[in-house]
Every structure is written in C-alpha cells, then in structure tokens.
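From first to last, the protein sequence lines are chains A and B.
Add 678 to a position in the first sequence, counting from 1, and you land on the number used in my numbering.
Add 678 to a position in the second sequence, counting from 1, and you land on the number used in my numbering.
Bear in mind the hints are in silico, worked out from the structure with no lab data behind them.
Treat the hints with caution; some may be incorrect.
Copies of the same chain look alike in the list, so a pair counts if it fits in one copy or across any two.
What the hints assert, rightly or not - In silico SDA-like links for lysine to any residue, alpha-carbon gap of 25 Å or less:
hint, residue 1, residue 2
1, K811, L900
2, K833, Y813
3, K788, L680
4, K928, L960
5, K811, L718
6, K788, G941
7, K928, L900
8, K928, P901
9, K710, L860
10, K833, L960
11, K882, E832
12, K790, E832
13, K958, D902
14, K711, G892
15, K958, F898
16, K833, G941
17, K785, E825
18, K958, M722
19, K833, R726
20, K785, A735
21, K785, T829
22, K710, E723
23, K958, G886
24, K958, G899
25, K882, D694
26, K928, E904
Number of protein chains: 2
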Amino acid sequence: MLTKLSSATQEVIIGDEGPTVLIGERINPTGKKKMAAALLEGDMEVVRREAIAQVEAGADMLDVNVGVAGLDQAVMLPQAVQMVMEAVDVPLCLDSNNPAALAAGLKVYKGKALINSVTGEERSLGAILPLVKEYGTAVIALTMDDEGIPTDVEKRVAIARKIIERAASMGIPAEDVIVDCLTMTAATDHLAPGTTLEAIRRVKAELGVNLTVGASNVSFGLPDREVLNSVFLTLVIGAGVNCPIVDVAKVRPAVLAADLLLGRDEYSARYIRGFRQRQKALEEAPQQAGAPG
Amino acid sequence: MLTKLSSATQEVIIGDEGPTVLIGERINPTGKKKMAAALLEGDMEVVRREAIAQVEAGADMLDVNVGVAGLDQAVMLPQAVQMVMEAVDVPLCLDSNNPAALAAGLKVYKGKALINSVTGEERSLGAILPLVKEYGTAVIALTMDDEGIPTDVEKRVAIARKIIERAASMGIPAEDVIVDCLTMTAATDHLAPGTTLEAIRRVKAELGVNLTVGASNVSFGLPDREVLNSVFLTLVIGAGVNCPIVDVAKVRPAVLAADLLLGRDEYSARYIRGFRQRQKALEEAPQQAGAPG
Chain A
679 MLTKLSSATQ EVIIGDEGPT VLIGERINPT GKKKMAAALL EGDMEVVRRE
729 AIAQVEAGAD MLDVNVGVAG LDQAVMLPQA VQMVMEAVDV PLCLDSNNPA
779 ALAAGLKVYK GKALINSVTG EERSLGAILP LVKEYGTAVI ALTMDDEGIP
829 TDVEKRVAIA RKIIERAASM GIPAEDVIVD CLTMTAATDH LAPGTTLEAI
879 RRVKAELGVN LTVGASNVSF GLPDREVLNS VFLTLVIGAG VNCPIVDVAK
929 VRPAVLAADL LLGRDEYSAR YIRGFRQRQK ALEEAPQQAG APG
Chain B
679 MLTKLSSATQ EVIIGDEGPT VLIGERINPT GKKKMAAALL EGDMEVVRRE
729 AIAQVEAGAD MLDVNVGVAG LDQAVMLPQA VQMVMEAVDV PLCLDSNNPA
779 ALAAGLKVYK GKALINSVTG EERSLGAILP LVKEYGTAVI ALTMDDEGIP
829 TDVEKRVAIA RKIIERAASM GIPAEDVIVD CLTMTAATDH LAPGTTLEAI
879 RRVKAELGVN LTVGASNVSF GLPDREVLNS VFLTLVIGAG VNCPIVDVAK
929 VRPAVLAADL LLGRDEYSAR YIRGFRQRQK ALEEAPQQAG APG
C-alpha cells in the first residue's frame, strides 16, 4: 500500500518496499522553552531554522506544531506552514489538536499534506475526517478513543480498524490513513513497548496500512534515552513502521542501517551516501569534534 | 524452551522469557594478528586478559577459539579452556572445526559446555553429535550443508530441522541445539540480511529452539560497521535470537535496551544497573573521556 504526499513540487511515497520516510519532529514547542518563548513573541525565525536544519539532516517530511498556550493556533499554524514552505520543499505534516487551525493551515498549504491526527473518539472523527476529505490529505490515526489508550493489543487494532472503516465510508482510501499504535514509557510499565510492537505487527498484517510512531516517549523517565530511542526505532521499523516521527539528525544513521539490513537499499547506495555526508559534515566542522553533548 | 549451560559453579539459562545471553566473541585469533602471534609463541596471557575484560563488560558466556594455522588445536584448546576457567567463572563455548580438539577441550571442562558448531553436512553430524552426547553438552547448529549456505530461507529451516531431528534420534533434546541461521554481508547482496531475519523467525515459530547469530559478518566491506552491527543485533533479537555471539563491550547498552523494550526487564532493573556501571567506569577512567576511538 502506497501513501503519496507532496509539497509544491516534491512527492514522497511511503510504502513497505521503499526506504523509511523520516518525518522531522523538531518544529514543536512542547517541552522546548526557547521555541515556545520565541513563538509567543511572534518570532518565527526559529521555525525556519529548524526546518532547514532538519531537511539538511535528511528529513523527508516535517511535522509542524506551533501549539503554545495563549496563542491562536488558527493564526499561528498557517503562518508557520507558510514560513516552512518558503524555507524548504518537503511535504508537511500539520500537527494540531485544533480543527480550525488545521483548516486554516490546509488553506495555505501547497500540495498534499498529512494531518496529525485523528483518534477513535467520535468528536475527533467528526471534526478531522471531513478536513481530510475536503483538502484531499492523508491523516495519522492514533489508536486511542474516549477511554484513552488501551493497554491491550486487541483494542488498539480495533480502533485502527474503526478509523479506517469510517474513513472509507467517507471515500477516504486506506492508503491515506497512517496508523500510530502509540508508545508509552517503559519506565512505568515494562510491557508497554512490547504491546506497541505487537499492535504494529497486527495492524500491518491485518489492515495492511502504513504506520508511523513517535519513538521518544518510550524512554521518558529513563537514563541514556538516545540508546533506548534508537533501539526502539529499529524494533518498530523491523515490525512494520515505515514513516516514524523522529529527531532526524540523531536517528538517521541507524535508520539507514535498518533500511539496508531489511533489503530496502540496493547496492547499499543510500547507506554509503549517508555515511559520506556525515563524514563531510564532520570535516567541515572540525571544531565541533569531541565537544561535549 | 530453556537451554541450560554451566561453568564449575554458575548456571546460565537461555530462553525467550529471560534476558538475552551474551556470548563474548573476542577469544578468537581470526583477523587478530597480535593474538595469533601471541598464541604461536605459546603466550596465553592474551586469552586470560580477554576473558576477564569480557566478563567485566557483562559477558554471560565466552566463546573460546584458538585456531591458528600451524598450532595443534588438540593441545591448544584444552590449555585455553583451562586458562579461561581459572580466570573467570562463566560457561564456555568451545569453538573449533577440529573434533579431536573439541574432545580434548571437553575432557578438561568443568560444567555443561556449548560446542561451536555442527552443520548439516554428514561428516560434521557424524563427528560432532557423538561428542554432544558423550559429554552432555549443547551445540550450535549452523544452517549450512555440503552445498554451502543456502540463499533461500526454506533450505536453511530444513537444515535446522534435519540437525534437530538427527540429534533427537541420538537422545539429544531440542533444547540442547541452538540454531545459527548465519549472516552474510549486505555489501555483496542487500537481500542477505533479510533472508537471515526471515530464517530466524521461521526457525523460532516452527522449531521453537533457541537461536544464536554472529552479528558482525553483516557489515563486512561496509563503512561505519558498528552502527550496522548494532542495528542488525537489535533486529535479530527482535526476530528471536536470544544468545548472540558478540563483542560484549560494544553492544551491551543496545542489548539491555532491547531486552527492556521487549518486556524482559521488570522495573528496568538491568537497564538502569548497566547504565550505572558504564557511568562508574567512565568516572574511574576520566583520562579516557573524549579520547579518539
């Protein structure tokens, strides 16, 4: 199953045969005080910088989230989308829990966007799927509903199925629904990541759709988070995720390795190109070598 | 299915519910000129040092291979086994293609050893399985036969089945056969690692036995080998390998992360302990911090 997304001039195709598509997560003020403060002051330059840096690091798409308490999302999101479109030419993922903001963002967007996100809640289905239909976007479907995130695999698969079926009933094809089986931290429940992995395998096997996941929640509250995030990302890609939302600069080497090892990189071409790019970047910034964190 | 191995006083249990058992690979002169030269001069001190270093780094077992052209394995292997048993108290994996050397090593070994390895070749089955039976060991079964390493999954599974059945006919239980689905480099065939992964999943699902693999061949001829080896190790553990043969110091952080994420580490206890051990080691060797590779 192929999901096609586009910017003004570029198309990105998500599917099991192709390489893993990396959606850059860094345009998001959650937990980032500096970015939140800049946005509150109306300073969007930080959004431009993060957009350019992530695409240089190898992002195939960018998530755009400018949710800060006290700001009108319906004004901010289209501004941010506009700014990112001027800075880079990759498809965007419009990320907001505010349907009016998503609509305003989609109005200015050029291409086929991804909406982040719809859930199994009736209110969400009723507000988001009509936008998907009207603007011809794709959408990320979170496997949660009015009762929260189910702790068992069966219910998560059932929610994914429900969202796909509801979308189909409105004429939205399954390839435009990208399922996120949701990750909770292993710190409070050591079985939580395994539940996510099993849900991913089940959704892939039974529903056949493309899958995303954010790979950093899993390590919340634990030390050495980068190792956990990177290993979890490898496991979810092995289980069927093909367009994760990630900190691209940190995880790209591991993802290129996973793609090669999963048979998605003929002649190791992307892997070797990625390695050379990193070498070149290191040579061009020798003063950075060995600098702490 | 549980495989139990032991040293003079310690038992190690390999199974899907428990943590990944790490078999240290570094007592092996293949590709190590210094170690080969030391062994040729009869200097076994290097073996002792590698044994201690690997166990300190977290090895649960050690592979012992002293194969150097020009040395009598039947003399060297028991000497090396004796030296390692004096230095550390973990179960050993006796690694030789020479049945007489394995027999000599098993004669001096105290505990239940692992033999590395038997293949599907009649000559190998006929020479190795009687040793497994006589000394009550477990054995690593390589999925290759007289025709070499099959490129297709089906044949590798068939060889694993054949070895397990042959062992059973001699009274050797399936839990004492640990299958190695063999890894070839991705450099010459980008589909090779995927074949290994699929063979691992099939052997686990259909034969239910424990699985090992050496994770470093996969990166032969490619740059940035450590990233590839570490990602491959994560993928094979996710697919069912539970006692890989590895460079323990390099891969242990990723393996502890994988065990946690796969639900094998309640309260994140081993993961956090491993993190603290690494921190302590760094604090005790501050002059090493930031030193190049």
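Query raised in the report: Are the CA atoms of K928 and E904 at most 25 Å apart within a copy, between copies, both, or neither?
Result: Intra 8 Å, inter 16 Å, cutoff 25 Å: intra and inter.
Query raised in the report: When no copy is specified for K833 and L960, does a C-alpha distance of 25 Å or less occur within a copy, between copies, both, or neither?
Result: Intra 46 Å, inter 45 Å, cutoff 25 Å: neither.
Query raised in the report: Between K958 and G899, at a C-alpha cutoff of 25 Å, which is it: within one copy, between copies, both, or neither?
Result: between (35 Å within a copy, 20 Å between copies)
Requested in this report: Up to 25 Å between alpha-carbons, please classify K788 paired with L680: within, between, both or neither.
Outcome: within (20 Å within a copy, 58 Å between copies)
Query - Status of L900 relative to K811 across identical chains (alpha carbons, at most 25 Å) - result: neither (40 Å within a copy, 46 Å between copies)
Requested in this report: Could you figure out if K833 and G941 sit no more than 25 Å apart (CA to CA) within one copy, between two copies, both or neither?
Outcome: between (32 Å within a copy, 19 Å between copies)
Query raised in the report: With identical chains treated as interchangeable, where does the CA-CA distance between K958 and D902 reach 25 Å or less: within a copy, between copies, both, or neither?
Result: Only across copies: K958 and D902 sit 14 Å apart there, 27 Å inside one copy, limit 25 Å.
**Report entry** Homomeric proximity label, K882 with D694: Cα distance no greater than 25 Å
**Finding:** both (10 Å within a copy, 23 Å between copies)
Query raised in the report: How do K928 and P901 come out at 25 Å by Cα distance, when the copy is not named: within, between, both, or neither?
Result: both (16 Å within a copy, 18 Å between copies)
Requested in this report: Go through the copies and call it for K710 and E723: within, between, both or neither, with a Cα cutoff of 25 Å.
Outcome: This pair counts as within: shortest intra-copy Cα distance 15 Å, inter-copy 53 Å.
Report task. First find the shortest C-alpha distance between K958 and M722 inside one copy, then the shortest across copies, and answer within, between, both or neither for a cut-off of 25 Å. Result -> neither (30 Å within a copy, 43 Å between copies)
Requested in this report: Go through the copies and call it for K958 and F898: within, between, both or neither, with a Cα cutoff of 25 Å.
Outcome: between (33 Å within a copy, 22 Å between copies)
Violated hints, in rising order: 1, 2, 5, 6, 10, 12, 17, 18, 19, 20, 21 and 23; the structure is consistent with all others.
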